[in-house]
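According to the working numbering, the residues represented by the sequence shown are 1 to 172, in order.
Bear in mind the hints are in silico, worked out from the structure with no lab data behind them. Here a beta-carbon is modelled for each residue, glycine too, at the ideal position from N, C-alpha and C. Treat the hints with care, as some may be off.
[Claimed, not checked] FRET-style restraints, in silico, Cβ to Cβ:
1. H140 <-> D109: 42 to 52 Å
2. H111 <-> C91: 41 to 51 Å
3. I8 <-> T144: 31 to 41 Å
4. H111 <-> R137: 23 to 33 Å
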Amino acid sequence: MLFDSVVILDGARTAIGSFGGSLAGLTPHEMGSITAREAIRRAGIEAEAIDHSVYGHIITTGPQDAYLARHIAMDAGVPQGAAAFNVNRLCGSGVQALISAAQQIALGDSHFALAGGAESMSRGAYLLPPQARNGLRMGHAEVTDMTLGVLSDPFGSGHMASPPRTSPAASA
């Protein structure tokens, strides 16, 4: 089988925090770097051996998040020339990062991969309306809470993790 050669050497994670709690002061990059360095240490390999990094991330906290996988990898000692990419998949980006890293190894595109997820809901950004780019004139402007926005079902059934709403036709 293709995946017989893929092995997870070790892992590390942060504590599960609470919204606005003790981890709120850390960026996703900082939390990811801490856990990446620890996972590499536990795995007993040199960071220089890693040739691919994949990180799941959803809620943007700043411009640096666009390169989150590379920031984490380089902070953990992975060579600058190693490939890196982010995964943006609601409720599954960290798991998808592991799957994507395993696929890279199974296909022979990577020898050692660093994979995980990094998120800080407490640091979610507020989005200005599109008109702000070219100048707002008179009147009020609304900002969008990206944390709340990302956790809301775009198909109208409410907040993620809420029980689905049933239509009157479905309950008949």
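>> When the structure is checked against the list of hints, which entries are broken? Sort them ascending.
In response: Violated hints (numbers, rising): 2, 4; every other hint is consistent with the structure.
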